[in-house]
Amino acid sequence: MTTAEVSPAPPARRRRLGRLERPALAGVLMREIVNFSSYWRGTTFSATVEPTIYLLAFGFGFGSLVSQVGGFRYVEFVGTGTVATAVLFSSVFPGMFSTFVKYEFQRTYDAILAAPVDTEELVTGEALWIAMRAGVYGNTPMLVAIVFGLDPSWGMLVVPLVCFVTGYGWACFGISIAAFMKSIENFSYVTSAVITPLFLVAGTFFPISRLPEWAQIAANVNPLYHCVQLVRDAVFGLWSWDDVGHEGGILMFGLLMWRVAIVGMQRKLIN
Amino acid sequence: MEQAIELRGVVKRYGPITAVDGLDLSVPEGTCVGLLGPNGAGKSTTMRLLTAQAIADEGELAVLGYRLPGESKVARAECGVVPQNDNLDTSLTVEQNLLVFAYLYRVPRRERQAAIERTLEIANLQERRTAKVDELSGGMRRRLLVARALVHRPRLVLLDEPTVGLDPQVRQQLWALIDALRTEGVSILMSTHYIEEAERLADTVVIMSHGRAVATGPPRELIREHTGGEAVEVYGPPTKLAEVEEDARRSGIQTRRTGTSITLLNVNGDHPGEGERRPANLEDVFVLLTGEEIA
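Protein sequences, first through last, are from chains H and B.
The opening position of the first sequence corresponds to residue 1 in the working numbering, with each subsequent residue numbered one higher.
The opening position of the second sequence corresponds to residue 1 in the working numbering, with each subsequent residue numbered one higher.
Fair warning: there could be bad hints in the mix.
Stated by the list, open to error - Just so you have them, the derived chain H footprint on chain B, three or more residues with Cβ under 8 Å:
# : region
1 : 33-41
2 : 115-129
3 : 225-237
4 : 247-261
Stated by the list, open to error - Computed list of chain H residues with no C-beta within reach of chain B, every gap over 10 Å:
#  : residue
5  : Ala24
6  : Val28
7  : Val34
8  : Ser46
9  : Phe72
10 : Phe97
11 : Gln106
12 : Ile112
13 : Ala115
14 : Trp154
15 : Ser188
16 : Trp214
17 : Leu255
Unchecked claim - Not the full set, but computed from the structure, chain B residues with beta-carbon under 10 Å of chain H:
#  : residue
18 : Tyr14
19 : Thr18
20 : Pro69
21 : Lys132
22 : Arg148
23 : Leu158
24 : Gly165
Source of the hints: derived by calculation from the structure; they are not laboratory data.
The beta carbon of each residue, even a glycine, is placed where N, CA and C say it ideally should be.
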């Protein structure tokens with residue numbers, strides 16, 4: 001008989017689970033993936049048709065007036081620019097509306113937080129899921145533009161990654177709005193006062209170099225502008241040191257909004 | 001005996017309102033404790049405190065030996081929670097709802113399918129596994145809500161008003177389900193304002209009022225202790241009831257109104273007047289301790 005048997009060590013019990021655990025994130029993501037199987041048709045339809053309409057309307061409408069913009073054929077200019085629009089629409093709105101509906105009406109988050117999942121993991125999982133979708137849907141304008149004459153290039157393979165990172169930031173932005181707004185009606189303030197201007201002044205439909213200087217400077221804090229620049233530089237192979245700045249812009253935005261979203265949801269869900 | 005839940009002096013305030021006001025509560029492992037109290041007594045807040053969805057302002061909380069809120073996540077992994085409000089994913093099927101929870105509660109991959117089958121059987125929903133939640137009856141939904149909390153074989157189950165708003169048949173199905181869990185040795189804390197539910201299922205009843213435990217004990221003991229075991233019920237027109245009440249008050253007998261009658265408590269067979277004798281019940285205790293006025 002050894003001493004170890006006489007006084008066995010107390011069973012090692014893990015007292016504390018870590019932060020941002022993979023199983024917790026997987027749980028949140030799985031819930032979304034399983035749910036997606038019941039509504040993907042509608043989402044895919046709008047995510048594809050909307051940018052196509054923009055592309056056709058602007059591409060043919062403006063395209064007949066202007067043939068070259070900033071050194072590109074107009075269809076190339078808009079086809080790459082509206083990638084950012086598609087990313088924005090497929091990330092900020094799910095971030096705002098689905099989040100609000102899930103905690104306010106469906107009480108889904110109450111159920112998830114009763115499981116071994118923290119608010120940080122919940123927010124991260126939800127944002128990752130939206131970002132993945134944005135990473136896919138963001139490419140549709142570019143693919144449609146190929147049909148209308150945009151030349152395929154190897155650089156296009158980087159575009160999903162740019163869409164993913166930008167989408168992550170906008171998803172977190174949307175979640176933050178949902179966390180800090182008291183009612184869903186207030187969302188229209190954000191849509192009109194923040195999202196619409198950012199979406200228009202991002203170099204999507206016209207180059208910002210034509211704007212007054214203050215607006216050009218302001219564009220630098222618009223993450224969509226950085227997304228548009230990165231997409232164009234990737235598609236046309238125009239890499240320069242500026243892109244490091246653009247990449248930094250969307251990363252900073254994502255990181256900042258991620259933390260804001262967590263703080264906001266923590267306040268909302270744990271009380 | 002090990003305690004599945006141990007609360008000491010827990011206080012939770014929401015602005016000027018003190019929802020939980022110095023609550024002591026123990027759930028010994030393997031027993032079913034019923035948290036009984038009128039609306040607004042602090043039952044739901046207590047439930048939220050136990051999953052760290054509310055953070056206590058004062059007091060000590062331990063669930064399955066883990067301190068809250070710091071170790072709550074580990075505790076939650078071993079708990080099942082049945083919320084008061086149905087929060088199933090309504091566009092998913094019965095099976096998909098269980099699958100999602102098998103992931104959220106980290107059931108290992110090779111055990112997932114078996115866990116789903118087992119819970120389908122518990123809920124008696126094998127035939128409806130591919131039905132969307134939208135298509136289920138109220139009773140089926142509630143059974144699924146309970147079953148969903150059991151996919152990971154929790155050691156402790158928290159039920160917040162599990163049968164509120166259900167018809168008697170469905171309520172009985174759920175009681176059978178909860179009773180089966182207790183037989184398996186699962187610890188249960190169940191909040192309810194249905195007295196019959198607490199009386200039938202709970203080993204120990206904790207009566208809550210204004211955020212505090214005002215009485216704790218097995219149902220029978222509570223009845224004996226607070227009502228003397230026997231009650232006399234006097235029927236009559238309102239004027240007569242008022243007289244009876246006044247008489248009782250003068251001779252120091254406790255009374256409660258039962259709508260159409262007055263119940264005299266703690267009479268112990270020496271009540272000379274009229275009225276029907278009946279065994280006292282938990283409802284008598286409940287009203288006695290939580291007051292007749294509805295806030």
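Comparing the hints with the structure gives:
Under a criterion of three residues with beta carbons nearer than 8 Å to beta carbons of chain H, the stated coverage of the region 33-41 of chain B fails, only 0 such residues being counted. Only residues whose C-beta sits within less than 8 Å of a C-beta in chain H count toward coverage, and the region 115-129 of chain B has 0 of them, not enough to reach three; the restraint is violated. Residue count for the region 225-237 of chain B with a Cβ under 8 Å from a Cβ of chain H: 0. That is fewer than the three needed, and the coverage hint is violated. Given as covered by chain H, the region 247-261 of chain B fails the check, having 0 residues with a CB less than 8 Å from a CB of that chain where 3 are the minimum.
Separation of Ala24(H) from chain B is inadequate, the least Cβ-Cβ distance of about 8 Å not exceeding the 10 Å criterion. A beta-carbon of chain B comes within 10 Å of the beta-carbon of Val28(H); the shortest separation is about 8 Å. Distance check on Val34(H): its Cβ comes as close as 5 Å (rounded) to a Cβ of chain B, failing to clear the 10 Å threshold; non-interface status is violated. Every CB of chain B is more than 10 Å from the CB of Ser46(H) (nearest about 17 Å), matching its label as outside the interface.
Non-interface status of Phe72(H) relative to chain B is upheld: no Cβ of that chain comes within 10 Å, the nearest being about 43 Å off. Annotated as non-interface, Phe97(H) keeps its C-beta farther than 10 Å from every C-beta of chain B; the closest such distance is 16 Å. For Gln106(H), the shortest C-beta to C-beta distance to chain B comes to about 6 Å, within the 10 Å cut-off, and the non-interface label is violated. Against chain B, the non-interface label of Ile112(H) is violated: not every CB pair exceeds 10 Å, the least being about 6 Å.
Under the 10 Å C-beta cut-off, the non-interface status given to Ala115(H) relative to chain B is violated; the minimum distance is some 4 Å. For Trp154(H), the condition that its CB be more than 10 Å from all CB atoms of chain B holds, with the nearest at approximately 37 Å. Every beta carbon of chain B lies more than 10 Å from that of Ser188(H), the smallest distance being close to 26 Å; the non-interface claim holds. Here Trp214(H) stays apart from chain B, with its beta-carbon at least about 44 Å from theirs, past the 10 Å limit.
With a closest Cβ-Cβ approach of about 24 Å to chain B, Leu255(H) is found to remain outside the 10 Å limit, as its non-interface label requires. Interface hint status for Tyr14(B): upheld, as the beta-carbon distance to the closest one in chain H is roughly 8 Å, under 10 Å. Interface restraint check: Thr18(B) against chain H, minimum CB-CB distance 14 Å, threshold 10 Å, status violated. Residue-level restraint check for Pro69(B) holds (minimum Cβ-Cβ distance to chain H is 9 Å; threshold 10 Å).
Interface restraint check: Lys132(B) against chain H, minimum CB-CB distance 8 Å, threshold 10 Å, status holds. The beta carbon of Arg148(B) is positioned within 10 Å of a beta carbon in chain H (closest approach about 8 Å), and the interface hint is therefore held. Evaluation of the Leu158(B) hint against chain H yields a held restraint, the C-beta minimum of about 8 Å falling below 10 Å. Violation of the interface hint for Gly165(B) is found here, the shortest Cβ-Cβ separation to chain H being roughly 16 Å, above the 10 Å cut-off.
Of the numbered hints listed earlier, those contradicted by the structure are 1, 2, 3, 4, 5, 6, 7, 11, 12, 13, 19 and 24.
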